[in-house]
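Spelled out, the chains give:
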Amino acid sequence: MSQISDEDRQALRDGFARYLEADAHEEKLRSGIATDRGYDDAIWNQMAEMGLLGIAIPEDFGGIGGGAIDVALVMEEVGKKLVPVPFVSTCVVAAEMIARFAPDSVKQDLLEKIATGEIVVSTGGSGDFVALADDGHSLTAKSAGDGWAVSGEVSFVSHGGHADYHLLGLNEDGAQSAFLVKSSDTVAAKRLTTNDPAQRLFKLKLTDAEAINLKGINADGINQVAMRGIAAAAAEQAGATRAIFEITMEYLRTRYQFGRAIGSFQAMKHMAADLLVEVESATSAALAAAKALDAGAPNAAKFVSLTAFTCKDAFREASAQAIQMHGGIAYTEEHVAHLYWRRARAGLPVFGSSDEHREQYLKSREAA
Amino acid sequence: MALLDKNASPEEITSVVEAWLDENWDTEKRCAKGEDSYDEKAWLTKVFEAGFCVPSWPIEWYGLGLSAKQGGIIEKAFAKRKAQGSARDRFHLGAITVFKVGSDELKRTMLPIMLTGPICCLLYSEPGAGSDLAGVRTKAIPDGDDYIITGQKIWTSNAQEAEYGMLLTRTDWDVPKHRGITFFLFPMKQDGVEVKPINQITGESEFNEVFITEARVPATHIIGSLNEGWKSFQTAIAYERLIMGQGITERRGKSKADSEPQLITLARKSGKYGDPGVRQKIAQALAYRELNGLNMMRAKEEIMTNGSSSLMSLGKLAMSRVQHGEAAIATDLLGNEALLDGDDNPDAANVNFDAAKAYMNSIGGGTDQIQKNIIAERVLNLPKEPEPDKGMAFRDVKSS
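These protein sequence lines map, in sequence, to chains A and B.
Converting from the first sequence to this note's numbering requires adding 222 to each position, the first position being numbered 1.
Converting from the second sequence to this note's numbering requires adding 17 to each position, the first position being numbered 1.
Here chain A stands alone, though its shape is the one from the complex (with noise of 0.2 Å):
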């Protein structure tokens, strides 16, 4: 349950829009491009000055005691601009597991520089933090004095070459354990080449890595934490498929052809009649599902579930249907449309590909 009042919320949300209309231009995303970060520093520390990457971080620990309609109506934002912060890993799925599962001995400490933005936590780039076998990697752990040490490799760790801790799991013979790895000497990073430019994949190679053993984690607290994750990205997706959208029709109504604005043909107007359906649909699901999980109703899974296949694809088509409706100039690298759409492929694998969902969506509408 989120412990901030409504008019807060819609402040808050407010304030950080304005703020990111001002300073999350489109010339900003491109320079935080060209940096070994991907974004722009000073997002970062704003959105830690405005408490919001404490958001889903209870008050005795530093944050502002937020719930997960709360981190949605963050997140649609950040879509909104596409700016490529390592929110979701750090103040969504990191946070949830540390504030969970992490001894108590770190937990006020690790929490309060998550709140802070003194810290960043990577997570595996599938989302699926917790068996990553399936990527190929292979991790070992064993104790080493009071801590743990992990060893071998693992890839597609999203923001992996400057996170201060990597969040990672390891699945040995049907045993799940998750350690938070600490940067230092002992973990190589080498970036991947990357269809986002925006995206940041690493692979990493770790030697005796320093760690934190998440110890009692179980699979409805992961379960939890995941449901938490998808519903953040889904919504982030949901405002990225309203912003080119936005973009798309903005372009329809000044573009003339033939002596007449291109989107007075029908062929555009339909269209976008149908990608608005899309694209309140997207909203609505990320809603619901925020809603569900804040109110822990039991049917939360299922909103989930809809949420992640119906903002993946939303957001597939209506950042594919931009470029074909702005037509040539879409075709090339100055415009923005094609950071839009190459940031939709990047989230369909992300927690899940939406056939995946569609499937556990489908097993939640079976009669008990």
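Be careful, since some hints might not be right.
To be verified - Below, computed lysine-lysine pairings styled on DSBU-like, alpha-carbon distance capped at 30 Å:
{"no.": "1", "chain 1": "A", "residue 1": "Lys585", "chain 2": "B", "residue 2": "Lys374"}
{"no.": "2", "chain 1": "A", "residue 1": "Lys513", "chain 2": "B", "residue 2": "Lys317"}
{"no.": "3", "chain 1": "A", "residue 1": "Lys524", "chain 2": "B", "residue 2": "Lys289"}
{"no.": "4", "chain 1": "B", "residue 1": "Lys289", "chain 2": "A", "residue 2": "Lys585"}
{"no.": "5", "chain 1": "A", "residue 1": "Lys513", "chain 2": "B", "residue 2": "Lys93"}
{"no.": "6", "chain 1": "B", "residue 1": "Lys317", "chain 2": "A", "residue 2": "Lys524"}
{"no.": "7", "chain 1": "A", "residue 1": "Lys585", "chain 2": "B", "residue 2": "Lys317"}
{"no.": "8", "chain 1": "A", "residue 1": "Lys303", "chain 2": "B", "residue 2": "Lys317"}
The set of hints was computed from the structure by calculation and includes no laboratory data.
Fair warning: this is a prediction, and the values are worked out from it, not measured in the lab.
Got chain A sorted already, so can you dock chain B onto it with the hints?
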């Protein structure tokens, strides 16, 4: 009934209405207390006199001056006892339109009659004016204090029972199409009005053709002003779309949320439920339906806080994909069986009915294509298509 006003709490309203119903309505016999059978006119008159008919309208116009929310409480109390007659300020399109745009004289003479009678039928579409509704050609020619009407209307529901129809006519042929239309409250029970049911592809006959031959309507029954009928009509159509949208959400609300969707049951029966391709299709179809429900819930919330919502206009379009899509999946699941029909083959009969009935949503009340134009122009502010008949006298406009 001066007991209720704007400050009345929900509890006060409920108790006043329930007391009134206790006194006047026999829930068991479903008629007025002390009667043996239901006399619609007499009962509606009772409700009308109590003000429960149109509670959100001002007291001088037969209402109670309550808010829409307060009116909803009255509606609920009536529904609980299955008593008719409340919420006519939400559902009686004809009365709502007359109340909103009619002259004081028309309101004073006709509203009491309309509100205590059956709902009005809508005499809008013609064989030559469907999507392009402003192209109506039904003639209204002045004759003394009356107008004489000749023309043909189509897709008219409730034409058999209706005492009055909301009629779109052409009164000036020498101006552009939108400027020569007059909107009438037209008496149906007269010579020169012939109603013929239409046999639909579903096997039903919900709609009628209405043939009007030199029938009469008093000039005082013009809704709004002469030749400004298109403006008055906009009020009527806006309410109609609102009611259709509400209908969708209310029907959705009634289906049991946790019962298994029919498509799943049908797929199990057909032995194809294990097919991953089938499962994906069914999941997506169910999702489209659920997403539309979520959109309409958001629309309702927006209407409560802002008074309007552009989401409302998406419901009908989204529903077309849902209905045609579900029917197509169900047809495939049945395979050969879908070739059959009739009472002996209930699954096939249902599927074939649904496949045909889906057009009711994708054509009725404006085709999907017209709906997309409207969404694009009114919600997305895309520019209008050039209109070849713009500025042209209606007389000179090409017709098929």
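So, going through the hints one by one against the coordinates:
1. In summary, the hint linking A:Lys585 to B:Lys374 is supported, as the alpha carbons are separated by about 28 Å, within the 30 Å threshold.
2. Using a Cα cut-off of 30 Å, the hinted pair A:Lys513 and B:Lys317 holds, with the two alpha carbons roughly 17 Å apart.
3. With a C-alpha separation of about 23 Å, the suggested pairing of A:Lys524 with B:Lys289 holds against the 30 Å cut-off.
4. Annotation: proposed proximity of B:Lys289 to A:Lys585 holds, straight-line Cα distance about 15 Å (limit 30 Å).
5. Distance restraint check for A:Lys513 and B:Lys93: the Cα-Cα separation of roughly 28 Å lies within the 30 Å cut-off, and the hinted pair is therefore satisfied.
6. A C-alpha spacing of about 22 Å is found between B:Lys317 and A:Lys524, which places the hinted pair at or below 30 Å, so the restraint holds.
7. Note on A:Lys585 and B:Lys317: the hinted pairing holds, with a Cα-Cα distance of about 29 Å set against a maximum of 30 Å.
8. The hinted pair formed by A:Lys303 and B:Lys317 meets the criterion: a straight-line CA distance of about 29 Å does not exceed 30 Å.
Hint violations for this structure: none, all hints satisfied.
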